[in-house]
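S.K.: What follows is the residue order along each chain.
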Amino acid sequence: MALDVRLIRTPLSAPAELEAFLAGRAAEGAVVTFTGLARGLGKDGSIVQALTLDWYPGMTERSMQDIAEAAAERFAVTDLVVVHRGGDIIPGETIVFVAAAAAHRRAAFEAADYIMDRLKTEAAFWKREAGPSGARWIEPVEEDRAALARWKDETP
Amino acid sequence: MALDVRLIRTPLSAPAELEAFLAGRAAEGAVVTFTGLARGLGKDGSIVQALTLDWYPGMTERSMQDIAEAAAERFAVTDLVVVHRGGDIIPGETIVFVAAAAAHRRAAFEAADYIMDRLKTEAAFWKREAGPSGARWIEPVEEDRAALARWKDETP
Amino acid sequence: MTRILYFGRVGERLGPDGRLELPVGGLAVREIRRRLAARDEVAADALLRPDVRASVDLVVVGEDALARPDQEIAFFSLFSGG
Amino acid sequence: MTRILYFGRVGERLGPDGRLELPVGGLAVREIRRRLAARDEVAADALLRPDVRASVDLVVVGEDALARPDQEIAFFSLFSGG
Chain A
16 MALDVRLIRT PLSAPAELEA FLAGRAAEGA VVTFTGLARG LGKDGSIVQA LTLDWYPGMT
76 ERSMQDIAEA AAERFAVTDL VVVHRGGDII PGETIVFVAA AAAHRRAAFE AADYIMDRLK
136 TEAAFWKREA GPSGARWIEP VEEDRAALAR WKDETP
Chain B
16 MALDVRLIRT PLSAPAELEA FLAGRAAEGA VVTFTGLARG LGKDGSIVQA LTLDWYPGMT
76 ERSMQDIAEA AAERFAVTDL VVVHRGGDII PGETIVFVAA AAAHRRAAFE AADYIMDRLK
136 TEAAFWKREA GPSGARWIEP VEEDRAALAR WKDETP
Chain C
9 MTRILYFGRV GERLGPDGRL ELPVGGLAVR EIRRRLAARD EVAADALLRP DVRASVDLVV
69 VGEDALARPD QEIAFFSLFS GG
Chain D
9 MTRILYFGRV GERLGPDGRL ELPVGGLAVR EIRRRLAARD EVAADALLRP DVRASVDLVV
69 VGEDALARPD QEIAFFSLFS GG
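Residue numbers (the numbering used here), protein chains in the order written: chain A, 16 to 171; chain B, 16 to 171; chain C, 9 to 90; chain D, 9 to 90.
It is worth saying that the hints were derived from the structure and are not from the lab.
Careful: at least some of the hints might be erroneous.
Stated by the list, open to error - Computed list of lysine to any residue pairs in SDA-like fashion (alpha-carbon distance at most 25 Å, straight line):
| hint | chain 1 | residue 1 | chain 2 | residue 2 |
| --- | --- | --- | --- | --- |
| 1 | A | K58 | D | L86 |
| 2 | A | K58 | B | K58 |
| 3 | A | K58 | A | G107 |
| 4 | B | K58 | A | E88 |
Claimed, not checked - Reference excerpt, derived from the structure (chain D facing chain A, CB under 10 Å, subset only):
| hint | residue |
| --- | --- |
| 5 | L13 |
| 6 | F15 |
| 7 | G16 |
| 8 | R17 |
| 9 | L66 |
| 10 | Q79 |
| 11 | A82 |
Stated by the list, open to error - What follows is a set of in silico ranges between Cβ atoms, one per label pair, in the way DEER data are often shown:
| hint | chain 1 | residue 1 | chain 2 | residue 2 | range |
| --- | --- | --- | --- | --- | --- |
| 12 | A | R151 | B | G102 | 51 to 59 Å |
| 13 | B | G107 | C | P24 | 43 to 51 Å |
| 14 | C | V68 | A | E157 | 25 to 33 Å |
| 15 | C | P58 | B | I62 | 27 to 35 Å |
C-beta: ideal position from N, C-alpha, C; glycine also.
Okay, chain A solo, but in the shape it has when bound (with noise of 0.2 Å):
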């Protein structure tokens, strides 16, 4: 079991992250990815100019820790892959990529679905998004809180 946990400022490849997880992968048939991309509009249709993420060093490595610690825990996959890019972001670019392998697809997807989950509400990020008309704070949404309810029976 390999987990590999990563908190980035420079630009994050998802297909260069990818190529890295599939090298000299035999034993395993199932590979899912999560590529999470900084919108160009907000959820209210809003121009995003730049998108910022701060976090707390230390902290916010060791929630992304935690979170992927849980997964491999929960699911039956042999290797994790969690990258986070912090600091400023623009459109179309990559914020968060999971990755996860397993003998069995179902607990891939489900070990993926499961990380990112607990990423959007548990992960100590602060993020804002910057547009024509100012700066704002974005929270979870009621939809995020929803989704991690799914998982609660093992969820702290």
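Knowing the structure of chain A, use the given hints to seat chains B, C and D on it.
M.R.: Chains B, C and D only, in chain A's frame:
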């Protein structure tokens, strides 16, 4: 809505497919991919030296297209890619790549998951594994049928 | 003579295709299967299995479906899936 | 003087950090928050909100938790998530 469904006989690069799928994408937030690799071991633990995927030209492409169209209709996705290899495949090589883009991650996860469940049982392929003790045909296992049954309210 | 295509286990036993004389008005899949199987024991063993399905013009059909000589007819074992 | 870190909306209002004299035995988070908030209206408005949480040595804690001067103390608004 763009649907890209291909049956190919040449090596399939999941990273290159993901790169093409992400290019210029800024409106949607979520991209989920599934990559299926040829296993080096069969379900019973025997060594697999090569995998051969036979198909019925015309019928197989249609079965893939039907599955992709059903997913596009059922889930709020903006783009789908389904690429499947046919012919001789070496362990570790990619057999199938599916990508789904959506504004909300739930739709992207579900579309990729649904497409894989249907491909694994309904796509018109015939699969043989060759190993030191000969070749044998592979058929969907109970796990695959059970996975498909999860979507049964709409699958034909 | 109409070409009949074979795939999967059926193709493994009988080769990629066979030929059969079909009347202009066509025949039911059941009868086509019976005539092909009547040729020898290998053909009977390959074709007379409940999990061997037929298609006409790329559509999987039941035993009552009619197939005409100008249509594409195939017999094949259970799909493995992708 | 112990450095207190601020993140999210709190950091936006008060800057990345502040300083507070803490007794060697430490203080409850509730009291640290009260003392920081007592400085001016901006601090009060930024800190005295139920959704502003605190952490001690990177662990999110409740109001009763004790924080000593050698520990890392932070206040922040609700996580946005990743």
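S.K.: For each hint, tell me whether it holds in the structure or not.
M.R.: Okay, the hints, checked on the actual structure:
no. : hint                         : verdict
1   : A:K58 to D:L86               : holds (18 Å)
2   : A:K58 to B:K58               : violated (45 Å)
3   : A:K58 to A:G107              : holds (15 Å)
4   : B:K58 to A:E88               : holds (23 Å)
5   : L13                          : holds (7 Å)
6   : F15                          : holds (5 Å)
7   : G16                          : holds (4 Å)
8   : R17                          : holds (6 Å)
9   : L66                          : holds (4 Å)
10  : Q79                          : violated (13 Å)
11  : A82                          : holds (6 Å)
12  : A:R151 to B:G102: 51 to 59 Å : holds (53 Å)
13  : B:G107 to C:P24: 43 to 51 Å  : violated (29 Å)
14  : C:V68 to A:E157: 25 to 33 Å  : violated (44 Å)
15  : C:P58 to B:I62: 27 to 35 Å   : holds (32 Å)
In this structure, the hints that do not hold are numbers 2, 10, 13 and 14, in rising order.
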